[in-house]
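S.K.: Going by my numbering, the first residue of the sequence shown is number 13, and it counts up by one from there.
Source of the hints: derived by calculation from the structure; they are not laboratory data. Using N, Cα and C, we set each Cβ at its ideal position, and we do this for glycine too. Be aware that a few hints might be false.
Here are the in silico distance ranges between beta carbons for each label pair [to be verified]:
1) Asp-178 with Gln-372: 30 to 36 angstroms
2) Lys-136 with Cys-439: 20 to 26 angstroms
3) Ser-137 with Ile-406: 51 to 57 angstroms
4) Gln-53 with Ala-389: 48 to 54 angstroms
5) Leu-215 with Asp-81: 56 to 62 angstroms
6) Asn-92 with Pro-326: 19 to 25 angstroms
7) Pro-326 with Tyr-133: 46 to 52 angstroms
8) Glu-17 with Cys-439: 39 to 45 angstroms
9) Lys-154 with Lys-21: 40 to 46 angstroms
10) Tyr-295 with Leu-215: 30 to 36 angstroms
Derived lysine-lysine pairs resembling BS3-like cross-links, with alpha carbons at most 30 angstroms apart [claimed, not checked]:
11) Lys-393 with Lys-352
12) Lys-21 with Lys-289
13) Lys-55 with Lys-180
14) Lys-55 with Lys-82
15) Lys-21 with Lys-245
16) Lys-351 with Lys-239
17) Lys-351 with Lys-245
18) Lys-136 with Lys-50
19) Lys-245 with Lys-288
20) Lys-91 with Lys-55
21) Lys-288 with Lys-239
22) Lys-351 with Lys-18
23) Lys-115 with Lys-217
24) Lys-55 with Lys-216
25) Lys-284 with Lys-245
26) Lys-50 with Lys-352
27) Lys-352 with Lys-289
28) Lys-50 with Lys-344
29) Lys-375 with Lys-437
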Amino acid sequence: MITGEKMHKWAADLFNINRSITGPGVRETLVFLSNLIKGLQIKSVASGTKVFDWTVPDEWEIREAFIEDKYGNRIVDFKNNNLHIVGYSVAVDQYMELDELQKYLHSLPEQSDAIPYVTSYYSKSWGFCLTHNQRESLESGKYRVYIDSTISPGVLNYGELIIPGDSKEEVLLSTYICHPSMANNELSGPVVTAALSQWLLSLKKRRYTYRIIFIPETIGSITYLSKNLDYMKENVIAGFVITCIGDNRTYSFLPSRKGGTLADRAALHCLKNSVKKFNEYSYLDRGSDERQYCSPGVDLPVCSIMRSKYDTYPEYHTSLDNLSFISPEGLKGGYDILKKTIRIIEVNDYYKNIFYCEPQLGKRGLYPNLSIKGGSADDLKNLMNLLAYADGEIDLIDLANIINVDIIDLHPIVEKLIDSELIEKVC
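Make the full structure from the sequences, and use the hints.
M.R.: As structure tokens, this is what we get:
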């Protein structure tokens, strides 16, 4: 039984792990997820591996980092919040005056009580992040800066789960595990994806195969595509980047680059029939791994359903994106929307009316009272409209859109018409 409280507890358990694009935090996160998801495999790719125009970076590990004032007081300590350190900071142990130290400090004057999230993955650097209020309170004098870290050859890790279905055609679910302590932008994606994995594994029958991956953002998707692109281009029929899905604000939709794919149409149909309003963005507003999945030559049919889209909410990439920003209700709502979108893809198909003109419904017990739960005039209208448009040339999503009915409500009528031998599936 998937509940919002359970997903929020998973997020809380993962929150303090220091994740980056490589390193022990990624592995610890994947081990946690593997205990939730039967069959999740943890894989690795060696540093230095060429992946398209990129190279898998060396692995970063950090053990301790702090700034001490002249009295030995630790005014910034990585142990208190892992956002305090710039990601991939090199080792440092030196004393410097405040004026010099300021060059290595990062804060947000417009959000004076927030610690910013800053990284330097691909160039050797170091730095500390702190609230602007704290930075403004620093007194002149000498400070000790200490970072105990290593950047050395290692591996990039990711998690992969393949859930087989009746068809080798696949639905891709991709989420990322590379940010430190942020709840919506980081952990909402993995915990909702874990919940969806549990649900899919519980199904006795699945039409499609599901490829579910937990990867470092950008370099992870590039690496994964470099190993699997040919097969994915042939078999992936729909895909979703799962991120920023745990808060209580308005839902958001970001389309694939080309738009109009099965994933786009299923997501839009779900949102239009499930929520009062949502924000619809352009692919020009992209910012996550859809940049790789939809890039020219790759062209996978991948889009995103989110709550507050990344880079649009003030808490984004700061310490304010914490466990209080996401909620059990927000996580459950995001899970339910994605689950319904997957169900839409599972039931979508092409159907054709077997008879010329309208069939005689009365002799089949379909007129005037339908033999389905909640039979009503609306049911009869939907049945007749379905028959009117079932020409084998439009799929059920488009048909449902035309007659203005939720496809999930329409599917039982489809099954009734198939049982009555009035329509047939078009292969």
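S.K.: With reference to the structure, classify each hint as holding or not holding.
M.R.: Here's how the hints hold up against the structure:
At roughly 34 angstroms, the beta carbons of Asp-178 and Gln-372 sit within the given window of 30 to 36 angstroms. In this structure, Lys-136 and Cys-439 break the distance hint of 20 to 26 angstroms, their C-beta atoms being roughly 57 angstroms apart. Between Ser-137 and Ile-406, the C-beta spacing of about 55 angstroms keeps the proposed range 51 to 57 angstroms intact. Checked against the hint of 48 to 54 angstroms, the C-beta distance between Gln-53 and Ala-389 comes to roughly 52 angstroms, which is consistent with it.
Taking 56 to 62 angstroms as the suggested C-beta distance range, the pair Leu-215 and Asp-81 conforms, at roughly 58 angstroms. Between Asn-92 and Pro-326 the beta carbons are some 22 angstroms apart, a value that agrees with the proposed interval 19 to 25 angstroms. At about 24 angstroms, the CB distance of Pro-326 to Tyr-133 disagrees with the hint of 46 to 52 angstroms. Under the hint 39 to 45 angstroms, the C-beta atoms of Glu-17 and Cys-439, about 44 angstroms apart, fit the expected range.
Taking 40 to 46 angstroms as the suggested C-beta distance range, the pair Lys-154 and Lys-21 conforms, at roughly 44 angstroms. Between Tyr-295 and Leu-215 the C-beta distance comes to about 31 angstroms, which sits within the given range of 30 to 36 angstroms. For the proposed pair Lys-393 and Lys-352, the alpha carbon gap of about 24 angstroms is at most 30 angstroms, so the pair holds. Restraint check for Lys-21 and Lys-289: satisfied, since their Cα atoms lie roughly 28 angstroms apart, inside the 30 angstroms limit.
For a cut-off of 30 angstroms, the pair hint linking Lys-55 to Lys-180 stands: about 22 angstroms separates their Cα positions. With a C-alpha separation of about 46 angstroms, the suggested pair Lys-55 and Lys-82 falls outside the 30 angstroms cut-off, and the hint is violated. For the given pair, Lys-21 sits about 36 angstroms from Lys-245 by alpha-carbon distance, which is inconsistent with the 30 angstroms threshold. For the hint pairing Lys-351 with Lys-239, the CA-to-CA distance comes to about 28 angstroms; that is within 30 angstroms, so the pair holds.
The straight-line distance between the Cα atoms of Lys-351 and Lys-245 is roughly 24 angstroms, inside the 30 angstroms bound, and the hint therefore holds. Among the hinted pairs, Lys-136 with Lys-50 is inconsistent with the structure: their alpha-carbon atoms are about 38 angstroms apart, more than 30 angstroms. A C-alpha spacing of about 35 angstroms is found between Lys-245 and Lys-288, which places the hinted pair above 30 angstroms, so the restraint is violated. Among the hinted pairs, Lys-91 with Lys-55 is consistent with the structure: their alpha-carbon atoms are about 29 angstroms apart, no more than 30 angstroms.
A hinted pair counts as satisfied when its Cα atoms are at most 30 angstroms apart, and Lys-288 with Lys-239 does not qualify at roughly 41 angstroms. The hinted pair formed by Lys-351 and Lys-18 meets the criterion: a straight-line CA distance of about 16 angstroms does not exceed 30 angstroms. Restraint check for Lys-115 and Lys-217: not satisfied, since their Cα atoms lie roughly 58 angstroms apart, outside the 30 angstroms limit. Proximity of Lys-55 to Lys-216 is assessed by CA-CA distance (about 27 angstroms); at most 30 angstroms being required, the pair is judged to hold.
Proximity of Lys-284 to Lys-245 is assessed by CA-CA distance (about 29 angstroms); at most 30 angstroms being required, the pair is judged to hold. Restraint check for Lys-50 and Lys-352: satisfied, since their Cα atoms lie roughly 22 angstroms apart, inside the 30 angstroms limit. With a C-alpha separation of about 17 angstroms, the suggested pairing of Lys-352 with Lys-289 holds against the 30 angstroms cut-off. Between Lys-50 and Lys-344 the alpha-carbon distance is near 21 angstroms, which keeps this suggested pair within the 30 angstroms criterion.
The hinted pair formed by Lys-375 and Lys-437 meets the criterion: a straight-line CA distance of about 22 angstroms does not exceed 30 angstroms.
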